[in-house]
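Number of protein chains: 2
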Amino acid sequence: MAITLRTTDTDFEKRFAAFLTTKRETSPDVEAVVRDIIATVREQGDRALVDYTRKFDRADLDALGIAVSRADIEQAYRDADPSTVEALTFARDRIRDYHQRQRPSDDHYVDAIGVELGARWTAVEAVGLYVPGGTASYPSSVLMNAMPARVAGVERIVMVVPASGGTINPLVLVAADLAGITEIYRVGGAQAVAALAYGTETIRPVAKIVGPGNAYVAAAKRQVFGIVGIDMIAGPSEVLVIADGDNDPDWIAADLLAQAEHDTSAQSILITDDAAFASAVEKAVVRQLETLPRGETAAASWRDFGAVILVETLDEAIPLANRIAAEHLELAIADPEAMLPQIRNAGSVFLGRHTPEVIGDYVGGPNHVLPTARSARFSSGLNVLDFMKRSSILKLGPEQLRALAPAAITLAKAEGLEAHGRSVAIRLNL
Amino acid sequence: MAITLRTTDTDFEKRFAAFLTTKRETSPDVEAVVRDIIATVREQGDRALVDYTRKFDRADLDALGIAVSRADIEQAYRDADPSTVEALTFARDRIRDYHQRQRPSDDHYVDAIGVELGARWTAVEAVGLYVPGGTASYPSSVLMNAMPARVAGVERIVMVVPASGGTINPLVLVAADLAGITEIYRVGGAQAVAALAYGTETIRPVAKIVGPGNAYVAAAKRQVFGIVGIDMIAGPSEVLVIADGDNDPDWIAADLLAQAEHDTSAQSILITDDAAFASAVEKAVVRQLETLPRGETAAASWRDFGAVILVETLDEAIPLANRIAAEHLELAIADPEAMLPQIRNAGSVFLGRHTPEVIGDYVGGPNHVLPTARSARFSSGLNVLDFMKRSSILKLGPEQLRALAPAAITLAKAEGLEAHGRSVAIRLNL
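Protein chains in written order, with this note's numbering: chain A, 1 to 430; chain B, 1 to 430.
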């Protein structure tokens with residue numbers, strides 16, 4: 001059973017603080033193994049990819065080829081259920097439409113003394129997208145990672161996905177194709193990350209690597225960071241539902257379980273001001289677990305990390321939600337718009353009783369790659385700006401240089417940087 | 001002497017590629033030491049700060065106090081040269097004005113089927129700013145790190161700065177005060193980073209840590225990443241000057257040396273289409289080095305990492321500049337605006353002959369915290385968005401849920417996530 005916390009309990013603050021710092025994940029120490037794999041790929045290139053793939057993915061790339069061909073994509077369409085392809089296309093379009101509004105504008109202006117200032121946004125030239133194999137090979141994640149890069153204008157989006165036992169989920173290939181990805185390689189693990197960062201005979205290097213992966217992939221991304229950019233390292237998923245007593249307990253239980261079924265380390269939290277409703281939700285969770293194919297996973301998540309927090313008024317939920325800083329936050333209350341302005345820390349917010357978080361996983365439009373483990377306090381979900389960068393622009397004429405020179409020279413001198421001062425002074429014969 | 005590369009040489013591509021991957025920095029392995037310091041601060045709090053400060057900074061915090069007082073700030077104003085305070089104020093205002101234009105807008109819209117979508121930007125609640133001690137204690141960097149956070153609306157900006165031998169550069173305290181920082185602690189090193197991330201009796205934890213530091217600080221930031229956000233890890237500074245033959249060689253030499261004087265690992269690169277001009281610049285560098293207080297540092301930087309690249313036409317400079325992806329790029333050419341749109345990878349661009357990079361270090365307005373070591377290929381200079389985060393917003397009514405449900409349920413099923421499908425279906429009695 002999930003734990004229950006009551007804000008009226010005298011030890012609430014202590015228990016809540018402990019709850020906040022509960023570690024849900026232990027990451028095995030794979031640093032040394034990964035370091036070795038990266039070094040080998042840098043040294044041996046494609047050969048290392050073939051060898052590691054034979055070993056880790058039980059697939060023969062000498063026979064299959066490292067690159068996925070156009071014929072492979074066409075076969076994937078034939079293998080896929082047409083209604084799923086249609087749903088992916090629907091999702092792709094909605095994700096594209098939402099992200100198009102994130103495209104930034106360049107800036108250019110002239111200040112009072114005639115200095116020209118501005119900023120220019122440009123897309124990252126080449127991005128690598130890591131897609132896990134096996135059961136965590138989600139076509140929806142391909143769309144969520146690739147579409148912001150597409151919208152940003154990234155010319156080259158390279159997907160890597162391990163062909164576990166020789167095969168790749170056809171829906172992953174279809175999703176890649178729908179997202180306009182034309183360069184796909186059958187490699188995974190730290191070796192794929194190394195290939196994207198440093199290049200091999202077949203795979204040209206990229207400038208940034210995104211996408212989820214296991215501990216090896218995460219460690220590899222950390223190790224190549226600096227050579228290339230990386231996205232955040234995703235932890236297990238979580239949902240916080242703030243609900244009043246007017247909800248159907250079965251709906252809220254279903255939302256909590258949708259999160260819990262992801263992973264035994266996933267976390268589902270309910271905050272409510274209605275103790276009877278909370279009991280009804282907990283009973284509904286138990287009932288629904290019985291008929292859930294991933295019931296064991298969901299039950300473990302709910303038992304180990306689930307929580308019900310009872311507040312006296314829903315206003316009390318706000319500071320708690322901001323401290324939890326959940327990846328997903330549902331406001332299943334009568335007037336969610338009234339609470340929204342007070343929510344500071346949340347990856348994605350779902351308003352009202354008819355917006356289950358799952359809609360956001362697939363077809364809402366917003367990205368489902370979101371900050372986990374309280375990192376919504378300082379970071380955002382994946383978006384178009386993650387695939388662009390800004391260069392600042394400055395232009396002075398002689399008159400503007402004369403106006404700014406004295407302060408610049410004074411500060412250079414104060415910082416003991418004589419050559420700095422000189423590069424300004426020399427232009428003015430000072 | 002700096003190396004010279006000519007695009008007409010048959011081995012140019014090979015030599016240029018090698019030049020690009022030259023490591024300018026070796027980072028000592030301080031992981032274990034830093035891990036120990038962080039653990040000790042978590043365990044002992046203030047006591048550990050006092051002990052480490054006595055050991056590493058030769059300062060007695062029991063006597064001085066951990067917190068810098070209002071009286072300390074007032075003393076710093078008295079100790080500072082008034083014209084420097086004035087120059088800092090001038091710089092502060094120009095930095096603020098530039099960054100104010102970076103404030104993002106929230107978004108809210110309703111799509112064709114009535115789904116409400118949007119995004120809300122909020123400031124990070126508390127930010128820690130690390131300021132190095134000793135000679136690298138630059139007041140300009142205090143302004144550059146603090147002002148974007150101020151403009152973003154961060155409520156709590158906490159500065160940590162080691163009091164080496166008991167003292168702090170008064171200009172650093174003045175800059176902090178001008179930037180509106182009211183919470184300053186006399187601690188540095190990995191212990192300061194640990195205190196900001198985990199808190200002590202005196203220092204409440206923050207959500208993000210920014211600012212430059214030595215290898216210990218950089219390693220500490222890497223280790224606490226996840227618990228808090230961090231900014232990029234800055235490497236040694238670099239400038240690329242693209243100049244035609246119509247420049248005064250002394251001006252360009254001064255610009256190259258302004259970069260080189262920072263650090264023996266700094267890098268200055270000149271690309272020009274005029275061999276005679278290049279020689280004149282190299283001679284001017286040698287001449288100017290003689291009278292430079294930091295001449296030894298600058299000479300070592302120019303000798304070990306400086307480069308002159310001779311191109312046949314300035315058009316050839318563009319792809320080279322994009323591969324170099326310099327932190328600072330000067331376009332000292334007749335028509336810089338014509339070249340600018342083709343520049344993709346650069347932290348900050350300085351247009352024309354009267355815009356020495358140094359103006360951007362102090363009083364231009366744009367930030368001087370910029371991506372180094374080719375990371376302008378995938379990242380931007382410090383800006384207001386680094387101190388904010390975006391929450392996506394979604395709201396459906398029953399009708400919209402009905403419209404989106406089939407695709408969501410199909411995709412959940414295709415991904416084997418039954419509870420996901422159920423949380424949608426249950427609301428529609430499907």
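To be clear, the hints were calculated from the coordinates, so they are not data collected in a lab.
Where hints are given, some of them may not hold.
A pair counts as met if it fits within one copy or between any two copies, since identical chains are not told apart.
Claimed, not checked - Cross-link-like lysine to aspartate or glutamate pairs, in silico, DMTMM-like; alpha carbons within 25 Å at most:
#1 413 with 74
#2 14 with 315
#3 55 with 296
#4 23 with 231
#5 413 with 177
#6 14 with 46
#7 14 with 125
#8 55 with 177
#9 283 with 36
#10 413 with 250
#11 55 with 74
#12 55 with 201
#13 283 with 418
#14 23 with 274
The model shown is predicted, which means the values in this text are computed figures rather than measured ones.
Evaluated hints:
In this assembly of identical chains, the alpha carbons of residue 413 and residue 74 lie at most 25 Å apart only when taken from different copies (22 Å versus 66 Å within one copy). In this assembly of identical chains, residue 14 and residue 315 lie within 25 Å of each other by CA distance solely inside one copy; the values are 20 Å within and 65 Å between copies. When the C-alpha separation of residue 55 and residue 296 is checked against a cutoff of 25 Å, the pair qualifies neither within a copy, at 31 Å, nor between copies, at 53 Å. Proximity of residue 23 and residue 231 under a CA criterion of 25 Å is satisfied in both settings, with 21 Å inside one chain copy and 24 Å between copies.
Taking identical chains as interchangeable, the C-alpha atoms of residue 413 and residue 177 lie at most 25 Å apart only when they sit on different chains, with a minimum of 21 Å there against 58 Å within one chain. In this assembly of identical chains, residue 14 and residue 46 lie within 25 Å of each other by CA distance solely across copies; the values are 21 Å between and 54 Å within a copy. With identical chains, the CA atoms of residue 14 and residue 125 are at most 25 Å apart between copies only, with a shortest distance of 22 Å across copies and 49 Å within one. For the identical chains of this complex, residue 55 and residue 177 are neighbours neither inside a copy (28 Å) nor across copies (59 Å), given an alpha-carbon limit of 25 Å.
Taking the shortest alpha-carbon separations for residue 283 and residue 36, neither the intra-copy value of 50 Å nor the inter-copy value of 46 Å comes in at or below 25 Å. Taking CA atoms no more than 25 Å apart as the test, residue 413 paired with residue 250 passes between copies only; the shortest distance there is 20 Å, against 69 Å inside one copy. In the homo-oligomer, the alpha carbons of residue 55 and residue 74 never lie at most 25 Å apart, since the shortest distance is 28 Å inside one protomer and 67 Å across protomers. Proximity of residue 55 to residue 201 under the C-alpha cut-off of 25 Å is restricted to the intra-copy arrangement: shortest distance 20 Å within a copy versus 51 Å between copies.
When the C-alpha separation of residue 283 and residue 418 is checked against a cutoff of 25 Å, the pair qualifies only between copies, where the shortest distance is 19 Å, while the shortest distance within a copy is 73 Å. When the C-alpha separation of residue 23 and residue 274 is checked against a cutoff of 25 Å, the pair qualifies neither within a copy, at 28 Å, nor between copies, at 61 Å.
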